[in-house]
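There are 2 protein chains.
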Amino acid sequence: MRNFRVALAQINVTVGDLESNTSKIIQNMSSARDSGCDLVVFPELAVTGYPPEDLLLKSHFLQDNLRCAERIIQESANIAVVFGFVDYDVDTFNAAIFASDGKLVDTYRKIYLPNYGVFDEERYFRAGQKISVYEINGSKIAINICEDIWQPTGPLVIQREAGAELIVNINGSPFHRNKRSVTDKMLSTRAADNGVFISYVNMIGGQDELVFDGSSAIYDFNGSKVNEAKKFQEDLLITDIDLEAAQNSRLHDLRTRKRASVEFPYQDDLELIQVPKFSKKVVPPKISIRKTEAYDELDEIYNALKLGTRDYVIKCGFQKALIALSGGIDSSLVAAIAVDALGKDNVLGVAMPSRYSSKGSIDDAKKLSDNLQIKLLNIPIESMFTQFLKSLSEHFDSSKDSSMAEENLQSRIRGTLMMALSNQFGWIVLTTGNKSEMGTGYATIYGDMAGGFAVIKDVPKLMVYDLCDHINTKSGLELIPKEIINKPPSAELRPNQRDDDNLPPYSLLDPILEAYIEQDKSLNSIEELGFSREDISKVVSLVDTSEYKRRQSPPGIKITSRSFGRDRRMPIANRYKNIFN
Amino acid sequence: MRNFRVALAQINVTVGDLESNTSKIIQNMSSARDSGCDLVVFPELAVTGYPPEDLLLKSHFLQDNLRCAERIIQESANIAVVFGFVDYDVDTFNAAIFASDGKLVDTYRKIYLPNYGVFDEERYFRAGQKISVYEINGSKIAINICEDIWQPTGPLVIQREAGAELIVNINGSPFHRNKRSVTDKMLSTRAADNGVFISYVNMIGGQDELVFDGSSAIYDFNGSKVNEAKKFQEDLLITDIDLEAAQNSRLHDLRTRKRASVEFPYQDDLELIQVPKFSKKVVPPKISIRKTEAYDELDEIYNALKLGTRDYVIKCGFQKALIALSGGIDSSLVAAIAVDALGKDNVLGVAMPSRYSSKGSIDDAKKLSDNLQIKLLNIPIESMFTQFLKSLSEHFDSSKDSSMAEENLQSRIRGTLMMALSNQFGWIVLTTGNKSEMGTGYATIYGDMAGGFAVIKDVPKLMVYDLCDHINTKSGLELIPKEIINKPPSAELRPNQRDDDNLPPYSLLDPILEAYIEQDKSLNSIEELGFSREDISKVVSLVDTSEYKRRQSPPGIKITSRSFGRDRRMPIANRYKNIFN
Numbered sequence: 001m002r003n004f005r006v007a008l009a010q011i012n013v014t015v016g017d018l019e020s021n022t023s024k025i026i027q028n029m030s031s032a033r034d035s036g037c038d039l040v041v042f043p044e045l046a047v048t049g050y051p052p053e054d055l056l057l058k059s060h061f062l063q064d065n066l067r068c069a070e071r072i073i074q075e076s077a078n079i080a081v082v083f084g085f086v087d088y089d090v091d092t093f094n095a096a097i098f099a100s101d102g103k104l105v106d107t108y109r110k111i112y113l114p115n116y117g118v119f120d121e122e123r124y125f126r127a128g129q130k131i132s133v134y135e136i137n138g139s140k141i142a143i144n145i146c147e148d149i150w151q152p153t154g155p156l157v158i159q160r161e162a163g164a165e166l167i168v169n170i171n172g173s174p175f176h177r178n179k180r181s182v183t184d185k186m187l188s189t190r191a192a193d194n195g196v197f198i199s200y201v202n203m204i205g206g207q208d209e210l211v212f213d214g215s216s217a218i219y220d221f222n223g224s225k226v227n228e229a230k231k232f233q234e235d236l237l238i239t240d241i242d243l244e245a246a247q248n249s250r251l252h253d254l255r256t257r258k259r260a261s262v263e264f265p266y267q268d269d270l271e272l273i274q275v276p277k278f279s280k281k282v283v284p285p286k287i288s289i290r291k292t293e294a295y296d297e298l299d300e301i302y303n304a305l306k307l308g309t310r311d312y313v314i315k316c317g318f319q320k321a322l323i324a325l326s327g328g329i330d331s332s333l334v335a336a337i338a339v340d341a342l343g344k345d346n347v348l349g350v351a352m353p354s355r356y357s358s359k360g361s362i363d364d365a366k367k368l369s370d371n372l373q374i375k376l377l378n379i380p381i382e383s384m385f386t387q388f389l390k391s392l393s394e395h396f397d398s399s400k401d402s403s404m405a406e407e408n409l410q411s412r413i414r415g416t417l418m419m420a421l422s423n424q425f426g427w428i429v430l431t432t433g434n435k436s437e438m439g440t441g442y443a444t445i446y447g448d449m450a451g452g453f454a455v456i457k458d459v460p461k462l463m464v465y466d467l468c469d470h471i472n473t474k475s476g477l478e479l480i481p482k483e484i485i486n487k488p489p490s491a492e493l494r495p496n497q498r499d500d501d502n503l504p505p506y507s508l509l510d511p512i513l514e515a516y517i518e519q520d521k522s523l524n525s526i527e528e529l530g531f532s533r534e535d536i537s538k539v540v541s542l543v544d545t546s547e548y549k550r551r552q553s554p555p556g557i558k559i560t561s562r563s564f565g566r567d568r569r570m571p572i573a574n575r576y577k578n579i580f581n
Numbered sequence: 001m002r003n004f005r006v007a008l009a010q011i012n013v014t015v016g017d018l019e020s021n022t023s024k025i026i027q028n029m030s031s032a033r034d035s036g037c038d039l040v041v042f043p044e045l046a047v048t049g050y051p052p053e054d055l056l057l058k059s060h061f062l063q064d065n066l067r068c069a070e071r072i073i074q075e076s077a078n079i080a081v082v083f084g085f086v087d088y089d090v091d092t093f094n095a096a097i098f099a100s101d102g103k104l105v106d107t108y109r110k111i112y113l114p115n116y117g118v119f120d121e122e123r124y125f126r127a128g129q130k131i132s133v134y135e136i137n138g139s140k141i142a143i144n145i146c147e148d149i150w151q152p153t154g155p156l157v158i159q160r161e162a163g164a165e166l167i168v169n170i171n172g173s174p175f176h177r178n179k180r181s182v183t184d185k186m187l188s189t190r191a192a193d194n195g196v197f198i199s200y201v202n203m204i205g206g207q208d209e210l211v212f213d214g215s216s217a218i219y220d221f222n223g224s225k226v227n228e229a230k231k232f233q234e235d236l237l238i239t240d241i242d243l244e245a246a247q248n249s250r251l252h253d254l255r256t257r258k259r260a261s262v263e264f265p266y267q268d269d270l271e272l273i274q275v276p277k278f279s280k281k282v283v284p285p286k287i288s289i290r291k292t293e294a295y296d297e298l299d300e301i302y303n304a305l306k307l308g309t310r311d312y313v314i315k316c317g318f319q320k321a322l323i324a325l326s327g328g329i330d331s332s333l334v335a336a337i338a339v340d341a342l343g344k345d346n347v348l349g350v351a352m353p354s355r356y357s358s359k360g361s362i363d364d365a366k367k368l369s370d371n372l373q374i375k376l377l378n379i380p381i382e383s384m385f386t387q388f389l390k391s392l393s394e395h396f397d398s399s400k401d402s403s404m405a406e407e408n409l410q411s412r413i414r415g416t417l418m419m420a421l422s423n424q425f426g427w428i429v430l431t432t433g434n435k436s437e438m439g440t441g442y443a444t445i446y447g448d449m450a451g452g453f454a455v456i457k458d459v460p461k462l463m464v465y466d467l468c469d470h471i472n473t474k475s476g477l478e479l480i481p482k483e484i485i486n487k488p489p490s491a492e493l494r495p496n497q498r499d500d501d502n503l504p505p506y507s508l509l510d511p512i513l514e515a516y517i518e519q520d521k522s523l524n525s526i527e528e529l530g531f532s533r534e535d536i537s538k539v540v541s542l543v544d545t546s547e548y549k550r551r552q553s554p555p556g557i558k559i560t561s562r563s564f565g566r567d568r569r570m571p572i573a574n575r576y577k578n579i580f581n
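One line per chain: the protein sequences are V and P, in this order.
All letters in the first sequence, in the order written, are residues 1 to 581 by our numbering.
All letters in the second sequence, in the order written, are residues 1 to 581 by our numbering.
Don't read these hints as lab results, they were simulated from the structure.
Hints may be right or wrong, so weigh each one.
Any copy, or any two copies together, can satisfy a pair, since identical chains are not distinguished.
Claimed, not checked - Listed next, the in silico DSSO-like pairs over lysine-lysine satisfying Cα-Cα at most 30 Å (straight line):
1) 367 - 280
2) 344 - 487
3) 277 - 482
4) 185 - 130
Generate coordinates for the entire structure from the input sequences, incorporating the hints supplied.
Okay, structure coming up:
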C-alpha cells in the first residue's frame, strides 16, 4: 500500500478575473494542504477562465496571467499542485503547471487542440510536444489536458509506458445533455485500458453560452469510479488512492492481454522528472467520499440553466433581472429558473397585455408571480400601439397585408418597455424564447428577442414542458400553474392566434429541428425518419430564412449537442437549398 | 518563345448557390476557350462560394458540390481549367481541381489552413499533403491555394524545384485597407525568389461581413506585375506569357545567388503529371492588358462598402433598402453609398424627428434626399414618445436619473418604426452606426442599431468625413451637403446634445480605438503614443463594457485589419481590466 492523497479542486472561475481566480486557487490549495494532500489539481486555464477567446491576443493579458501563475507556484509550500494557465513566450500554449513545494517542476502543453463546435483552440494556441512523467514521494504521475485524453493513442499511452500510475487530466469541458455519460465511459475505458488511476477535474460555472458542470471524478486502474465531486457546485474532492495497487495491476500485461505499444511523434523526448521530497502535514484520512448520483437528464439540464443564468447575470455585474411574463409556458419557466438562480427579491415580472391578450393569460401571469413570490408590474400597451398604428397608417400600403407588421409592432413595444425599465433600474432583461422558436424564427427581433440573456434559447419546446413538470414535481407544489401548462401555445398577437396556425405541432417540429440542426440531416434522411415532405420543407425553409435573426439574438445557455451561437456558424447570405430527390 | 495564354476568371459567386456558381464557371470557361486560352483559372471554393462556414458540416451539401465539380470537368473540352471546390471522401479538403479537355487530371488540397482573424479553416478542413506539377503542351505549371503562397517555404518552393514555370494561386482573400499592397509585394517577391510566373486569382463580391476585391494579377519571373484585373468588378483577364523565358531565367541560379533548397514534409511524394495534349482554338493575341491603377485607399474603401452593401442586399433576396436619415453625417454617407449600390429608386429615407431634433437637421435630411433624388418619409415620434413616458412614469423610480432611459426610448421608437416599414414593404433596413460608435457602445441596441446590415460598422468616424469628402470630390457636386459635414456631431436625444459631451473628440477617440481594438495595445503602450490616461481609461472602459451590444449588432462590412464580428471574438462576461503601471 502506497497511499497518495489527491484533491480535485472543482472551482468556479471567471474569464479575465485573474486576481480572483488566483486567490481562489491559493485558498483551495491551502485547504488541500491542511487536509494532508500530496497533490491538488485545478481545471484547465483556471488562471484565466475558459474560454478567454480573443483576450489571448493581448500580450499584456498573457503577461498578467504569467504573474498570477508565478504567485501560485510560490504559494505551493508543502504540497504539489497542477493548474491550468496560458504558457507564453514566443508562442502561446494551453498549458498546465506542475509545481511542488514552492518551485516550478514542469510545464505541460496541451497537444490536441479542439477546433470544432464551440471550440476555437487552433485560433489561439500552438500544440505542445513534450511529455513528462513526475516521480513524487515515490509515486509516478503525469499530466494531460482535456482533449488529450479523448485520443486513445494520445499522450496517456506514452505516459503509461513510462510508468505513470496516476494520470491527472484537467478540463474546461462544457456541458451538454448526455455528454457526461459519454465522458464517464471514455474515462473508465482509458483507465482500464492503461491500468492507471485517472483524476479528471473539470470547472463549474457559466461563461456566456457555456456551462461547466464539474462532475470531477477519480477512476481506478480497473475503470471503476472511486469518487465523484458534486455537479454544478464548487467542490474540493479529497481521495486516498493506493498507487502501489496500480503498479501491481501492470502485471496484468503479463497475465492476460498484452498492451500494444503505440508510435507517438514526441515519445523520444519523454522526460522522467524527479520531484524533490517535501514534508506534508500528516492528517488522518478525513477524505470526502461522495456518493455517485444517479444520472437524471432533466435535473442536469435544469441545473445547467440555473447555474448558467446565475453566473451570466452575476459575472456581468447585475444583481437583478426583469422578465416579461405573458402567462405562457416559456416565460413561466424562465421566471422559475431565474427565481431559483437569483432569489425571488431579485426577479421582477412585467405583464404588458394588449387588445389580443386573453383574460386567462393575464390571470395566469399573476398566479405565477404569486407562486414565485415575485413582484409583477402591469403596463398595458394599447395606448402606444394605437399611436404607432396612427403614425404609420399613412405610410402603409393599404393594398398589402400589414398583419405581420402589426404583430411585430406589439412585440417591439414590449421590448422597448422592457429595455426602458432595464435602463432605469440597471437590471438585466432575460428573454424567454425557446429553441423551437429560435430555430424557426418564430420570434420578433428587437421585440421578445430583446434582452441580455436568452435563458432557454437551446431548450426545445417539448423539453420546456418536461422542465416545468420537473419543477412542479421537485417542488411538490404547482409552482407553474397547470393552466399555463395545459393551454395551447399562442403568441397572442392577433385574435385567437395559436402557434400551430403557423408551425407544425411541436411533436413534429422538435424532432425535425433536431434532425436538421443538431444532426445536419438532409431532407431525404429526415423523411426516412417518418415525417411528411410538407412538414419537413416548411420547417427547413423557416430555419434557413431566419439566420439573420439568430445572428442578432442574445447569448443563451448551450444544453444540446449543437446550440445557436459559437457552436453553429452559418452564413446569412446563403442560397443553398437542399431538395428531396 | 513558348507562349501560354492564361485567363484569370475573377467571378462573383454566392455562398451556397451551387447551380449559379457552376453555370458562371462554365460560361467563363467557354469565353476563355473562344479566346484561345490554354488555361482558365477560377477562385478558391468557386463552386460553393467563400466562406461556406457550417454548410460544410452537411454531407448533402458536399455531395452537391461534387456533382457540380463533375459537370465543370465535363465541360472543359479543348481547354485546361483550375477551380476551387470542396474535396470530400472520408475527410474534407479545401481543394482545387485541375482538369483538361473534359478529364480530371489531379486534385490539389490546400496545405496551410488559415485559422485566425475571420478564418476558421481548421474547423472544417484537413490539410493536404500532396504536391504536383503538370506538364501541359510543353509547359510546366503548378497549383496552390491562397495561404499556401504566404509561406515562403511552402509548396511553391518544391513546385519550383520540380520545374514549374507558372504557379497558379487561387484565392478567396477578403479585403481590408492596405492589404492589397502587402499582397502585391509578397507575390512579386515570391515570383522573383523562385523565378516563376505567378497568376493570382481572387474572387469579387460581398459575403456577409466580407468583401472580396478581386485584384487578380500576373507576375513574371522578375516579380513585375504584367497584367492586373479590375478591382471590385467581375473580369476575365487574358494574358499571353512566355514560359520559355521563365525557364531561361532559372539560369539565374548559375549566374548569381544560388537558390537554397528547403526540406518540406511531403516533397518525396511530388508527382509530375503529363497532361494529354488537346487542340485549342487558334486566336490572334486579343488579350486584355489592363493598366495597373494607382492605389487610392479611400476609393478602395468606398468601393468595398458599395459592393458589400449591394451584394448583401441582393444575395439576401432584397431589392430595396430603408435608411433612417437624421440629417447627420453617418446616415448621409450610408444613404449615398446605398444609392450608388442599389439605385436611387431602391432607397427610401425616413426622417423621424423628435422634440430635440433641430430645424437644421430636418432641413439637412431633406436636402440630402433631394441631392440623392430619393424619397423621404417624415414620421415625427413625439406622440409615441409621450405615450411611452406616460405608461412608464408610474414605474420609474423618480429618485433616479431617467435620462438614459428616455434617450434610448426615442431611438427605440425609431427602430420600431423602421422595422414596421420593413415588415410592411419587405425592404431591408440599413443601419448607420460607425466604428467609433460601435466601439464605444455609443448607440442604442434595438434602436439605431436595429436593422439588417450595418454598412459603415467598421468605418471610424474620421474616415466617415474623409469618405464624404471623397464622394463630393468624385461627384463634382456637393452631394452630401456641407452643412451636414460641418456641424458638430450629435445624437439629438436631449437638448443641445453633442457627441463630445460623452466621448473624447474623435481626433483622440479614433486613434485610441485603433490602438486598442486593431492593435491589441496595452494601456501603457497607448499612453506612449501620446494620449492622456484619462482619455485612454474612458475609451477602454467604454469598449470593454459594450461587448454585449456588439454581439447583437447586425453584420457590417470589414474594411480594417480587425472588424467587429467573426474577426474579433471577445467574451461578454469578462472581468479582465488592464491597468496603467
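Comparing the hints with the structure gives:
With identical chains, the CA atoms of residue 367 and residue 280 are never at most 30 Å apart, being 58 Å at best within one copy and 82 Å at best between copies. In this assembly of identical chains, the alpha carbons of residue 344 and residue 487 lie at most 30 Å apart only when taken from the same copy (26 Å versus 50 Å across copies). Proximity of residue 277 and residue 482 under a CA criterion of 30 Å is satisfied in neither setting, with 64 Å inside one chain copy and 78 Å between copies. For the homomeric pair residue 185 and residue 130, the shortest alpha-carbon distance inside one copy (27 Å) is at most 30 Å, but the shortest distance between copies (38 Å) is not.
When the structure is compared with the earlier hints, violations turn up for hints 1 and 3 and for no others.
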